[in-house]
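Chains as they are written, first to last, in my numbering: chain A, -9 to 321; chain B, -9 to 321.
Source of the hints: derived by calculation from the structure; they are not laboratory data. For each residue, glycine too, the CB sits at the ideal point set by N, CA and C. Check before you lean on any hint, since a few could be wrong.
From the structure, some residues in chain B lie toward chain A, with a derived Cβ separation under 8 Å [said to hold, decoys possible]:
id, residue
1, 70
2, 151
3, 153
4, 155
5, 159
6, 162
7, 164
8, 167
9, 253
10, 256
11, 283
12, 286
With a cut-off of at most 20 Å between alpha-carbon atoms, the simulated EDC-like pairs for lysine to aspartate or glutamate come out as follows [what the hints assert, rightly or not]:
id, chain 1, residue 1, chain 2, residue 2
13, B, 288, A, 72
14, B, 288, A, 88
15, B, 99, B, 40
16, A, 147, B, 127
17, A, 147, B, 145
18, B, 147, A, 127
19, A, 288, B, 72
20, B, 9, B, 48
21, A, 288, B, 88
22, B, 30, B, 88
Here is how the chains run, residue by residue.
2 protein chains.
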Amino acid sequence: MAKETRDRPVVGIDLGGTKILAGVVDAKGKIIGQAKRATKPEDGVEAVIERMAKTVREAVNTAELSSGDIAAVCSCAPGTIDAERGVVRFAPNLHNWENVPLAKLLGDKLDLPAFVENDVNLGTLGEYVLGAGQGIDNVVGIFVGTGIGGGLILDGKLWGGWRGGAGEVGHTVVLAEGPVCGCGSRGCVEALASRTAIERDIWAGVKAGRPSLIPEIMQRDKRQRLTSGALAEAFEKGDPLVREVIGRAQFYLGVLVGNLVNIIDPQMVIIGGGVAEALGEKYVESIRPVAYQYFINKRGSGDVQIVSAMLGDNAALLGAAVHARRQLGAG
Amino acid sequence: MAKETRDRPVVGIDLGGTKILAGVVDAKGKIIGQAKRATKPEDGVEAVIERMAKTVREAVNTAELSSGDIAAVCSCAPGTIDAERGVVRFAPNLHNWENVPLAKLLGDKLDLPAFVENDVNLGTLGEYVLGAGQGIDNVVGIFVGTGIGGGLILDGKLWGGWRGGAGEVGHTVVLAEGPVCGCGSRGCVEALASRTAIERDIWAGVKAGRPSLIPEIMQRDKRQRLTSGALAEAFEKGDPLVREVIGRAQFYLGVLVGNLVNIIDPQMVIIGGGVAEALGEKYVESIRPVAYQYFINKRGSGDVQIVSAMLGDNAALLGAAVHARRQLGAG
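Take these sequences, add in the hints, and give me the full structure.
Pasting the structure below:
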């Protein structure tokens, strides 16, 4: 006999530009089965949906369950999402998906209720319900990786904004005359503090002859792009160039946190993403005091918590599971 | 016989550092009686409350009503407000009021239900319900005067934040290495685009010998401080220094609007305050195209309206009336 909806597991999917990650998540928020596959967005929408469905089935098998045991599925996507209609409005990282009715396509293929939301929004929701933000109803999430994204939880609910575009905190201009961002504007915090920005500044230093461990580490690991792991290793070993560049990035993130607190007045700011995860607690430790300086309401400002994310790579997947449950009214 | 609460007028009070403005507002949002008095915060809390009560009674008389006809009173205050408890947490412009239970003090004195909220929050609420934002449920208000403040309407409700400190949009850092702000930080938009910042830059130009109509206008009007009216006059007459300085301020306000849209994704941004009002539609016209440039979600970005406020000096007072009604459940 089928269990009640609220007790049945759901599947959360983290759909990114390079990989699809699916996880079966039980009612307690535990991942009980997982699978992974390349996205290959260059093959087109239909092929990606097919691969997503395969990854979901594989995750369900891994959990030793069958499709009938699953209550719903929710996928995140990197881009602007119309969550209500389940449509990916625009996703540059998925070879420019535009107005793709992902929820319907995926739901039909899997014969399950299906939902869609933005990846960093769901990462924030995941951290709020199952990670660092448990019990805190007003949370801003900031995720630092190749780019910088974010999400807002207001009064316990994900704030998507009017067009599903809220939480684009990486495109907060904090240095109007600063470097050009991928978006074309100058001085976005993404152009100052993302891994991409850090990489740009480190290479500029290396090319100018400043000593750094980075070229050696990358050669050893046979990497073309600077990974968060390589950054963390050089940082740990006291590489002066890496310390300076990351220090500057931390400063601008502190300014961003100050801005967000002054605008939204949340109780907690959670900082996650690949860079944060690789650098650990030290990373947030240097952001915190800068942010506090920039709070306009200094009174009670110590009560605004600025903390590291807890869920790592699984934040979006778990957030997707939470979102699916909430959409079913079983959250 | 007493009318039903929803039909009875309320009194909105705009409590500022220099003046108290009280207005009797009917159920349709029309001001039917008004009174004004100096604040004189240097006389202390008790004296200010007494003056507020007098101003309210005078406004009620002007409306040819008596106290019993009034359903409630709501005052705004410049500072951090605990709206739920009716307490002014901290108001630097009121000679550093700290933890003043304004709602209780005023309510006892007038024998009426009394409420308190932040001034720019109420200005935004006023514009939303009775002004430029009618029918638009997600609105950001920006008010440019001596300083720069703001308010957020999310899903039709005033978003006060966790500590009642939300909407401090003037302390969004947009130029991290920019001029020092009154708050001590560098590069807040208030330090770049408020009337205070404009005044600073115009005097620097005048002192350096750049031609401007400003000294002449101020001498003629016997003014010590640069008013928004004087600015508007010089701007109208094509004063090159004033045009340059205001142009720069408009640029940074455009950046601010971009930031706020990227973070919150509202449907409308309303720009008001003394500077906006004096300069008229031309002011917002030059802010708009800058803001659009900075939107990260360009698709549908034209749908985000950037408009001038409509209620002028009465925005906060009318917002206070709306808030009183909503608190009574009659909104």
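We went through each hint and held it up to the structure:
1. 70: With a minimum Cβ separation of about 5 Å from chain A (threshold 8 Å), the hint on residue 70(B) holds.
2. 151: holds (2 Å)
3. 153: With Cβ-Cβ at 6 Å, under 8 Å, it holds.
4. 155: holds (4 Å)
5. 159: holds (6 Å)
6. 162: Hint holds; residue 162(B) Cβ to chain A Cβ min 5 Å, cut 8 Å.
7. 164: holds (5 Å)
8. 167: With a minimum Cβ separation of about 7 Å from chain A (threshold 8 Å), the hint on residue 167(B) holds.
9. 253: holds (6 Å)
10. 256: holds (6 Å)
11. 283: holds (7 Å)
12. 286: holds (4 Å)
13. 288(B) x 72(A): Roughly 15 Å between the alpha carbons, so the hint for residue 288(B) and residue 72(A) holds.
14. 288(B) x 88(A): holds (13 Å)
15. 99(B) x 40(B): holds (8 Å)
16. 147(A) x 127(B): Judged against 20 Å, a Cα distance of about 17 Å means the pair holds.
17. 147(A) x 145(B): holds (12 Å)
18. 147(B) x 127(A): With a Cα-Cα distance of about 17 Å, the restraint between residue 147(B) and residue 127(A) holds, given a limit of 20 Å.
19. 288(A) x 72(B): Roughly 15 Å between the alpha carbons, so the hint for residue 288(A) and residue 72(B) holds.
20. 9(B) x 48(B): Holds, at roughly 15 Å.
21. 288(A) x 88(B): Measuring from Cα to Cα gives roughly 13 Å; hence the hint holds.
22. 30(B) x 88(B): holds (16 Å)
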